[in-house]
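Take 21 as the starting number for the sequence shown in the numbering used here and just add one per residue.
Be a bit skeptical, because a hint or two may be false.
[Said to hold, decoys possible] Listed next, the in silico DSSO-like pairs over lysine-lysine satisfying Cα-Cα at most 27 Å (straight line):
1. Lys331 <-> Lys128
2. Lys341 <-> Lys251
3. Lys128 <-> Lys303
4. Lys303 <-> Lys331
5. Lys165 <-> Lys128
6. Lys315 <-> Lys365
No lab work stands behind these hints: they were computed from the structure.
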Amino acid sequence: YGRGEVGDWKRNLTHTLKTIWGLGGLQTKPQETKFYPNMATTLDTSSIRLLNPVKHGSTARRVCCTAVKASNSRFLRKHILELAPYTPIVPFDVLSERLGRPTEEIIKLDANENPYGPPPEVGDALSSLQFPHIYPDPESRALRKMLADDCGVPMDNLLVGCGADELIDLLMRVVLDPNDVIINTPPTFGMYAFDCAVNGGRCIDVPRLDSPSFAIDIEGIERAVQENNPKIVFLTSPNNPDGSLLPSSALDRLLNLPVLVVLDEAYIEFSNPGTSRIGDVLKHDNLIVLRTFSKRAALAGLRIGYGAFPKGVIEYLWRAKQPYNVSVAAELAACAALSNPGYLKVT
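Whole structure, please, built from the sequences with the hints as guidance.
Here is the structure:
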C-alpha cells in the first residue's frame, strides 16, 4: 500500500483496507512508516490479520493492526490492544490558530455543529448557576420531566446521557458479550462500529444502496440477522451523512426480526414533522430511539443526549450507568433550551 492508502485506513473508523483475496490470503507490501506528519506509528504488516470478512458483495476485508506492545501491555484486554484510535475533529481554537483567523470568522461544518448557537435562555441559565459544588441529580429528573412533555414518552422510559454517544456505549456494555454481533449500515455514524470494537463485539456491515437513495438494504439486513444472530441493528434517520429518511414500512419490517433495533434520530428535528418514531418505543419491546441536544439545541459542547427505551431494557441501563453522568450545567442548559421551543424550530 502507498502512504495515502494506509494513512486513510489509519484515520478511518471502519478500519477497512482493500485486499487481494486468493490463495495467498492478505497480500501487502513491506511496512510503511510515518503515514502523516503527526503519525510516527509503524505498520508492521506481519501483525495485520483478517477479522470478519464483510459480506453482501463488499470487496473489502476487515483488518486490524497490532502495534509493537510495551512491557506493561500484558495488563490490557486483548481486543483493546488491537483497537484503532478514534480520530476526533480539530478543536475550534486549534483550527483558528492553524488558519490564522479568529474563531468569529470561522463556520465549522466538519462535525455538523449548529452554527446559530443555543437559545438565549441557555446563556442566562448558565450565568446564574447556583450549585456547581453539588453533585447533579443522578436521575436528571427535571430534564426528563420536560422531555416527557416534549416528545410524548413517559419519564419512566427516558434516560439522559453525556451525549447520545454515552448511551450507545452504555447499551453495548449492557447487551454485548464478547464476540457478540451488531449490524451496521455504512456509510453512517462512526460511533456504532467504534463502540462495538471497544466492547469486544463484532460489527457486520450491510452497506447502503447506491446514490441517490442511500437506502438501507433491507433484504441484506435480514440475511445478516439470519446468518450472524446479532444482538443489535443500528439505524440512523435522517442518516448521517446523506440525510436520507428511513421509511416507516422499512422500520416496521425490521422490528419483526429477533434483534434490538436502535433508531438514532439525532437529526429528526430537521425533517418533516411526524417522522419520528420515538412514541413507538411503548409499542415494541425491541425498539430504542436516541436523540441529542447537540444539533437541535446547539449544545454539542455541553454533551447531553437522551433515549427512549422499553421497560425491560431501561431497568438494566439504570443499574449500569455512572451515577453522575450528566453535569449540572448540561442539564440546566438543556432545560433552558426546551423552554424556548420557538427558537428551536427556526434554527
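Status of the hints after comparison with the structure:
This hinted pair does not check out: Lys331 and Lys128 have alpha carbons roughly 39 Å apart, beyond 27 Å. Pair hint Lys341 plus Lys251 holds up; C-alpha atoms about 20 Å apart against a cutoff of 27 Å. Proposed proximity of Lys128 and Lys303 is contradicted: the alpha carbons are some 39 Å apart, above 27 Å. Restraint check for Lys303 and Lys331: satisfied, since their Cα atoms lie roughly 11 Å apart, inside the 27 Å limit.
For the proposed pair Lys165 and Lys128, the alpha carbon gap of about 33 Å is over 27 Å, so the pair is violated. Between the alpha carbons of Lys315 and Lys365 the distance comes to roughly 12 Å, so the proposed pair stays at or under 27 Å and holds.
The structure does not agree with the numbered hints 1, 3, 5 stated previously, though it agrees with the rest.
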